[in-house]
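Assemble the complex: chain A is given as a structure, and chain B must be docked to it using the hints.
Chains A and B supply the protein sequences, listed in that same order. Here the first sequence stands for residues 1 to 293, where the numbers follow my numbering. Here the second sequence stands for residues 1001 to 1528, where the numbers follow my numbering.
Bear in mind the hints are in silico, worked out from the structure with no lab data behind them. Just so it is clear, the structure is predicted and the values come from calculations on it, not from any experiment. Built from N, CA and C at the ideal position, the CB exists for glycine as well. Watch out, some of these pointers could steer you wrong.
[What the hints assert, rightly or not] Within a straight-line C-alpha distance of at most 25 angstroms, the following computed DSS-like cross-link-like pairs (lysine-lysine) qualify:
1. K125(A) <-> K1370(B)
2. K1370(B) <-> K132(A)
3. K1476(B) <-> K1036(B)
[Said to hold, decoys possible] So the derived label-pair ranges between C-beta atoms look like this:
4. R147(A) <-> W1281(B): 22 to 30 angstroms
5. N40(A) <-> V1403(B): 50 to 58 angstroms
6. Q1188(B) <-> H187(A): 34 to 42 angstroms
7. D288(A) <-> D1106(B): 32 to 40 angstroms
8. H187(A) <-> V1245(B): 48 to 56 angstroms
9. G274(A) <-> A1010(B): 37 to 45 angstroms
10. R147(A) <-> R1452(B): 35 to 43 angstroms
11. V1403(B) <-> V173(A): 51 to 59 angstroms
12. D1110(B) <-> P246(A): 44 to 52 angstroms
13. V1399(B) <-> E3(A): 50 to 58 angstroms
14. E3(A) <-> L1293(B): 51 to 59 angstroms
[Claimed, not checked] According to the in silico footprint, chain B covers these stretches of chain A (three or more CB under 8 angstroms from chain B):
15. 52-64
16. 100-108
17. 124-137
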Amino acid sequence: MTEFTLEIKDLVKDYASTRAVDHVNLTLRPGEILGFLGPNGAGKSTTLRLALGLLRPTSGTVRVRGHLAGSDEARAQVAYVAGDVALWPQLTGADTLTLLAALHGGSDEAYTRELVERFELDPRKRIRAYSKGNRQKVALIAAFATRAPVLLLDEPTSGLDPLMERVFRECMVEARERGQSVLLSSHMLSEVEHLCTRVAMIRSGQIVTVADIADLQSRVGAEFDVIGEVSDLGQVPGVSVLEELPDGVRVRVVGPPGPFFAALANRSVTAVHGREASLEEIFLSYYDGEATP
Amino acid sequence: MNSAVTSVHALVWREMRRNTLVIAALTAVIIETGLKSYSASGGAAGMIGLQPLLENPAVAALYGRISNLNTGGAFVVWKMGAVVVMMVAIWAALSATRLTRAHEDDGNWDIVVIGRRDRREVLRTTTLVLGEMGVVVAVAAGATMRAGGQSSSGSLYYALGILAIAWSGAVVGLLSAQIAAPRRAASQVALALVVVAFLVRVVADAGSSLEWLRQLSFFGWVEKIGAFDHVHAVSLLPALAGPLVCVGFVWWSQGRRDVGGALYTHADTAAPRSALLASPWTFAWRQRQSVWLWWSLGLAVFGAVLGYLTHALVALARSDASYRALLQHWGMGAMVTGVGFVAFASTVMSVVFTLLVVSWVSSVGADEVKGYLDVAFATGSRRATWMASVVATALLCVVVAAVATVVAMWCGVRLSGTDVAISTVAEAVAGSLALVPFMAGLSVWLVARAPRVAFAAGSVLVIVTYVAQILGPVLKWPRLVLEANPFHYLRTVPVNPFNVGGFVGVTLVGLVIGALGVWRYARRDLVS
Chain A
1 MTEFTLEIKD LVKDYASTRA VDHVNLTLRP GEILGFLGPN GAGKSTTLRL ALGLLRPTSG
61 TVRVRGHLAG SDEARAQVAY VAGDVALWPQ LTGADTLTLL AALHGGSDEA YTRELVERFE
121 LDPRKRIRAY SKGNRQKVAL IAAFATRAPV LLLDEPTSGL DPLMERVFRE CMVEARERGQ
181 SVLLSSHMLS EVEHLCTRVA MIRSGQIVTV ADIADLQSRV GAEFDVIGEV SDLGQVPGVS
241 VLEELPDGVR VRVVGPPGPF FAALANRSVT AVHGREASLE EIFLSYYDGE ATP
Chain B
1001 MNSAVTSVHA LVWREMRRNT LVIAALTAVI IETGLKSYSA SGGAAGMIGL QPLLENPAVA
1061 ALYGRISNLN TGGAFVVWKM GAVVVMMVAI WAALSATRLT RAHEDDGNWD IVVIGRRDRR
1121 EVLRTTTLVL GEMGVVVAVA AGATMRAGGQ SSSGSLYYAL GILAIAWSGA VVGLLSAQIA
1181 APRRAASQVA LALVVVAFLV RVVADAGSSL EWLRQLSFFG WVEKIGAFDH VHAVSLLPAL
1241 AGPLVCVGFV WWSQGRRDVG GALYTHADTA APRSALLASP WTFAWRQRQS VWLWWSLGLA
1301 VFGAVLGYLT HALVALARSD ASYRALLQHW GMGAMVTGVG FVAFASTVMS VVFTLLVVSW
1361 VSSVGADEVK GYLDVAFATG SRRATWMASV VATALLCVVV AAVATVVAMW CGVRLSGTDV
1421 AISTVAEAVA GSLALVPFMA GLSVWLVARA PRVAFAAGSV LVIVTYVAQI LGPVLKWPRL
1481 VLEANPFHYL RTVPVNPFNV GGFVGVTLVG LVIGALGVWR YARRDLVS
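The following block holds chain B by itself, in its conformation from the complex:
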């Protein structure tokens, strides 16, 4: 590499090194925790009860297909696999839109590309760094497996699978950046494509007649590699070569459009529309209209899929005593009835609801960093009012999304052939919102302290605390640690009564943290 390319390479790496290390560490922690929980559950012997579950189409759709749980590696691939691959794919896709579309929007590379380096060279270097970032995460995944006592070959195939996911996610981001502008639109397209790819894999695994669909999704290609199961090394070829081919298309398409342009853009003009511009309260809603729409839609689809699994999973739990015992061990004993399953599924939804709040509130930090708030705060609104309006609309959005979820989940439950009243589903989903006020307060505090990283920090916190809540009791973590986790206070409503005391306590903590955040936010320097 010549010195100019080296400089661009170093610059891009400098921008991405921190979040790459965070994702690598998070991947390692999830895998390590999964391996420990496998041992704590009795290893291969303890998994016998789960064996019938692997054949179940609904379970296969959700977790992916695997033929045995004889090793910790296989257990991690199955139990944690969806979380890890979705996290890595989304991270890679958003990193790609950030490094390409966001820099193009801001004109950051203009001064470079008019010099000795052209646009394609900068894109090539950026692509190279995205590839290297994937390698870092893959190495972390493989090394953690190996260090956890798993086989070398299994660990290697698993690492290669993670690498393929990271590369595929990055390519989805690169493609989206060519298709849509500005960055927000490109990121939404990228996220939608990742979710569609995942859903294609879900549908493909739901029945043998649809198995061919796996060829259409990079999640399907990676699943076919079969790390810690029946290894199918040939599947590495499309999984790793597919992204490289797509990169070629990205380079080709970039050369055929203007800097700042995209293959598809919204119209640059529109009729004036003064609706919802009268105050910070209404503008907070208008500004995020597409956000609540997409989140509500996504949550509804997720709720419907979970609801549709009800009958199959409940029937399995009823028919298999060892599986029931395992569910008890994992704290999921309630899943032996339709209501119990809905209650448990709703606690899973709580993660998405809290992520919605984090995303919504932390967008204030992003707006601040871009300088959008300067005039508003200098000549008009109070900062506290602005923040309050965003929090209020976040809560409203959660309610809207929750209603959509209730209806969709109930439809899914009914379609699966299970008789659960919609009021019961509503009760379960409402119970899953218990952490929303707390997370809103925490997000406010994060924006006040570190607006640039508020979203990343909040999201990581949600995922880590949720995983810790699942695995902490199995791993017999100290009571103090478990009780410090907000998810500890969530209950499988209505099977278990809503934890009023816990809700009040966690909400009060959230209110105090949020109030401190508002106080700080109103008094600190703006960072733009």
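With the rest of the complex left out, here is chain A:
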């Protein structure tokens, strides 16, 4: 048995002359939630659909716990939630959960009932009568209730209200604690930051970086608002001035902070406010071309 629950190797997907996924390599460890980030059209959904066997790769392989994506064994190991859930409109929510559980080969019925309550879903409604958020809940409940070792989630919280997003995050944490692995594609960067320790970023079909969020933060650096006498602070190694403030300056410090603090000690500084870069800033730095991958 491989050490990875999901292993994507040199994956390529072409549509006529367009390369949607370009030699993507990615792994997912047991009990890990890997954030999968990228702008619209970067290839996130295509990569996920390749991992699910819904699309056939031009070249490369995807393995789910050692089994080729799309095989019987692989399908039995995964659960999936799409960003725009489409389900049979005439079925009720309860019927849909029964059907999807049966197709998967079973689910935890007690957990299903619990999830229905936690997500405040009315299972008697027909799918066509659900709002987008409620359809999303049906798909999420169906996915979590399977207890599948690998969850592939593509914008799973689109349409959910903040309360339900919180329930979703709780379920994700529970899944991680049970040892389930999750590949989480999302534009909700706060959600990813909250749930993931590692993220993969994709741009134009190519993986830009795969790293721990802490590593990315150290690569992008921390921001400090320095109040007081701050002349020539930009000359200090690793320090760049971002913005002049009325009574000071905002700087970014990349790398070891020692020289920065040594420089402050030699100046008349009245206050220093620091914070690490958020995932959103990291994301923007990658896609604005500010940072070198």
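Relative to chain A, chain B alone:
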């Protein structure tokens, strides 16, 4: 038109242009083939044997009323008329539910109607395009008649009749989209209304005492126009103005309901029902429960009507030598006995059975396009299993529908006063199922290759090959072409023995095509 309306107009036309051209071409081909077969049958002189048939109430009910077959145009109106008008009406009705209800279900127009254009403007533009689509088909019909040497006035009235049918069908679709939601329900209502309108015309033509019923059906209005017969131009008024009046009601009713709503909808909640959800095999049946019910009912009614015609048509064939000769010429010589008529009627039913299979199997393509199958295929079922379950239930549905047909047809035959055993009717209907496995295989292949158009392509193929099988021998088409047609291998069982060799051959071809389709389906990208 301002630029926004022009954009919507262009967008709708872009969506409908292909199937409009297909229906226009199909209409032209059927008319052209009918005109050629008229000539090949000896023209007006060759039709003398059919003249007594025109007076027969049962024949009039089925084909419509006409007083002579002196021209090719009149022959086409009579012989092909029901096929053409039903095809055009159903196409127009389904196009209307697609352009209105389906887009409303999917929210496609939301972004347009919250802008400078309101819902009514979008509906007006859609209605305009539906009207223009009817014009295209009508022009194709009239031009083909004229090019085939028919009179200008007859061709014009015929084209106007087709236009009225297309407009009426479209209005039925527009009305259904206001009454029912979602699209599937609206389309079922539209189809039911078209069929009811046709049956009203059938009943009206069955006897002079019921003639007034023609006023209640747009098929009746169009028949009264009398192209290539005794022209009654005043009938153009209700035929063309009627749909326009109904359009007014459609616009009025749309303004009085919410977007996405309908005047009548099923309850949005229901008690959980886990029956038939345990596997793809059972779900394939549950998902299509209403489909088999409606098809079985429709086939039973059709079978009963055909059965009821038995006595009248057989008596006519026995009493008129020239008619018997004509039937021989058309390959329908078996119709001189009750059993023969039942056998022939069953071959007509074979078209409906094959359409049922096409409709059932190609619904997999529609589900795929809508994205319903994503989760099922990603985390559960094999695609091949899914397809196999749909094919298996299609075959089961055909059996159920066939049993209903046998019983209904036998009742019709008995009511007509003809003595035919139910086992004979069963044998005849069973013989008409010979192409079902082939068509199932072909449908699988179509879904695998082109899920978006699988139903349209399959249906057109069935109609074209059936018409070709009837007219090909009369027009002396090459043997190779005739033998390539699956309907060529159908026999009028039990008058003629079941063509075991042909059945095995066609079924094997279907199996190979189906297997290739499954292989392809299991390996290609999903299109959702």
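Hints not upheld, ascending by number | 9
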